[in-house]
Amino acid sequence: MVVGAGVVAAALLLAGLPVAAGFWVFGFGVGYVVQRSRLCFVGAVRDLLLWRIPSLARAVALLLAVSLVGVAAVQHFTGAPGNVFPVGWHTVVGGLLFGLGMGLAGSCALTTLVRLGEGTAVYALALAGLVGGGLIGLVLRAWWTARLGAGTVVFLPDVLGWPLSLLAGLAVLGGIALAAGLAGTRARGRWPAGASASRTAKGFRAGAAGGAG
Amino acid sequence: MMGSARGRAKPMGSESGWSYLAGAVAFGLAEALFTLWTGRTIGITSHLIGIPVAFPRLSPGGGRGELVVAGALLVAGIVCGAALAAMWGGEWRLRLPRRWQPPALAATGGFLMGVGARLAPGCNVGGVIGGIASSSLQGWVEGLFMLAGALLGIKLALRAESLGSRHRSP
Amino acid sequence: MICVATHYLDLADEVCPVPLLRVQEALRQAAAGDTVVARLGHARAVRNVMEWAEREGISFTVRDERGGTWQVSLRKNGGDAGGVRP
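Same order as they appear, the protein sequences are chains B, Z and V.
Each residue of the first sequence is one higher than the last, beginning at 0 in numbering that gives the first Met the number 0.
Each residue of the second sequence is one higher than the last, beginning at 0 in numbering that gives the first Met the number 0.
Each residue of the third sequence is one higher than the last, beginning at 0 in numbering that gives the first Met the number 0.
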């Protein structure tokens, strides 16, 4: 299969499509890394919410910190723009919708693809939903921009300066990792620890007076 | 009563994956490398619906057509890379759902993700990781509300699977 | 004389968070000393169960069946050490 991947990359290069070849190789690497390391962005939230397990949340905080420092260096020294999109109410609504979908499906766009690769068929439906929802979202986005505006681009280093912007970002991420760890050490032995799940524990042990939360 | 004999159990055997932290560092480095090459961070959802995403550092020979093909290949690469990783790890298997709830949740969740990703704009990778990494306020705002949405979605998924109330009335 | 039972769960086609919730449910219902043997079908679910069990001090073993399934055996400890709240 590695050979197959190499053949695809070589064919694309020969066809005069070096960008496509690079994207193929890059996607391959990302899929490999995420499958091997079992990274899961829904899991980061769910493990904390239901069981107070902090390891994935801390890994996501570290992922964001490494990305922030790495991309900031690239932006600062080479002038690459990165992904700086306008912020506005569309971001709030879009974020909520995406989060809701993530929670329901148990995967994000990336892990949907990774699990499909692993052979878990149910995520083909999530992929179909992503495509269908995406096409409808395109229309919605056009309507929103025409009616409610496109929002404003806020590049934090323009507002705070590079040192403060980086420091503030890393401080927030460090805070998230710390808070996740604290939530994890406090709640051992209370399983299941989620609000709905603790009702389960209470109900099962009929007559137990103490709440499990 | 609690915690008297509690400690770390000695585990025997494991699954063969890398640690979460190794994956996190590898992913972060990939983000930086991709930005260095293309001028933008990694995105997923726009490639899923064939939007020709322009990359400031790249001048594709085939124009918009090559951008769409490149995006599709990024997506295909992720699926194939994961398949290879699973095969090498000896864990590839066709898994079919046995109940109706997971397919229904996957389709509904996927649809909501699709809509949200175009509005925000960006998924958790292109919008939140890419946005935060690019020091863009949009990434932080989207991340915050994505977290709120995910908390609700996880609870709703438990309810749909009736896992939250199984034993309330034995 | 205490009877020790083994409870089997086939969760190979379940995706997160169902596997860990089912394992917890089975352990809650098991008597002290019982073993819960769960067949899991996702590495993520295996790690999920392992992390939780390790934190709770529940002794367990994992066997990779090679081919996308893992068998995790967890022993419900005596007394309250299994993490069960009275």
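These are computed hints drawn from the structure, not numbers from a lab.
Take the hints with a grain of salt, since some may be wrong.
[To be verified] Just a few of them, taken from the derived set where beta-carbon distance is under 7 angstroms, the chain V residues facing chain Z:
1. 12
2. 61
3. 62
4. 65
[Unchecked claim] Beyond 12 angstroms from chain Z on every Cβ pair, some chain V residues (computed):
5. 2
6. 3
7. 9
8. 29
9. 30
10. 41
11. 58
12. 67
13. 69
C-beta atoms are modelled at their ideal positions from N, C-alpha and C, and glycine is treated no differently.
Status of the stated non-contact between residue 30 of chain V and chain Z (beta carbon gap over 12 angstroms) | 17 angstroms, holds
Looking at residue 67 of chain V again, its CB stays over 12 angstroms from all of chain Z?
-> 3 angstroms, violated
Grab the minimum C-beta distance from residue 65 of chain V to chain Z and call the hint holds if it beats 7 angstroms, violated otherwise.
-> 4 angstroms, holds
Regarding the assertion that residue 58 of chain V does not contact chain Z, is the least Cβ-Cβ distance greater than 12 angstroms?
-> For residue 58 of chain V, whose nearest Cβ neighbour in chain Z is about 5 angstroms away, the distance does not exceed 12 angstroms, so it is violated.
Grab the minimum beta-carbon distance between residue 3 of chain V and chain Z and tell me whether it stays above 12 angstroms.
-> 18 angstroms, holds
Tell me if residue 12 of chain V is really an interface residue toward chain Z, meaning its C-beta lies closer than 7 angstroms to one of theirs.
-> The hint holds - residue 12 of chain V has a Cβ within 7 angstroms of chain Z, the shortest such distance being about 5 angstroms.
Beyond 12 angstroms from every chain Z Cβ: check whether that's true for residue 41 of chain V.
-> Nearest chain Z Cβ is 8 angstroms from residue 41 of chain V, so the label is violated.
May I ask you to test the interface hint for residue 61 of chain V with respect to chain Z, counting a Cβ-Cβ separation under 7 angstroms as satisfied?
-> Hint on residue 61 of chain V: holds, closest Cβ of chain Z at ~4 angstroms, below 7 angstroms.
Distance rule for residue 2 of chain V, whose beta carbon must clear each one in chain Z by more than 12 angstroms = Nearest chain Z Cβ is 22 angstroms from residue 2 of chain V, so the label holds.
Does the claim that residue 69 of chain V lies off the interface hold, with its Cβ farther than 12 angstroms from every Cβ of chain Z?
-> 6 angstroms, violated
Going by Cβ atoms only, is residue 62 of chain V closer than 7 angstroms to chain Z?
-> For residue 62 of chain V, the interface hint holds, since the closest Cβ of chain Z sits about 6 angstroms away, which is under 7 angstroms.
Is the Cβ of residue 9 of chain V more than 12 angstroms away from each Cβ in chain Z?
-> The claim is violated: residue 9 of chain V sits with its nearest Cβ about 10 angstroms from chain Z, within 12 angstroms.
Of the numbered hints stated above, those contradicted by the structure are hints 7, 10, 11, 12, 13, listed in ascending order.
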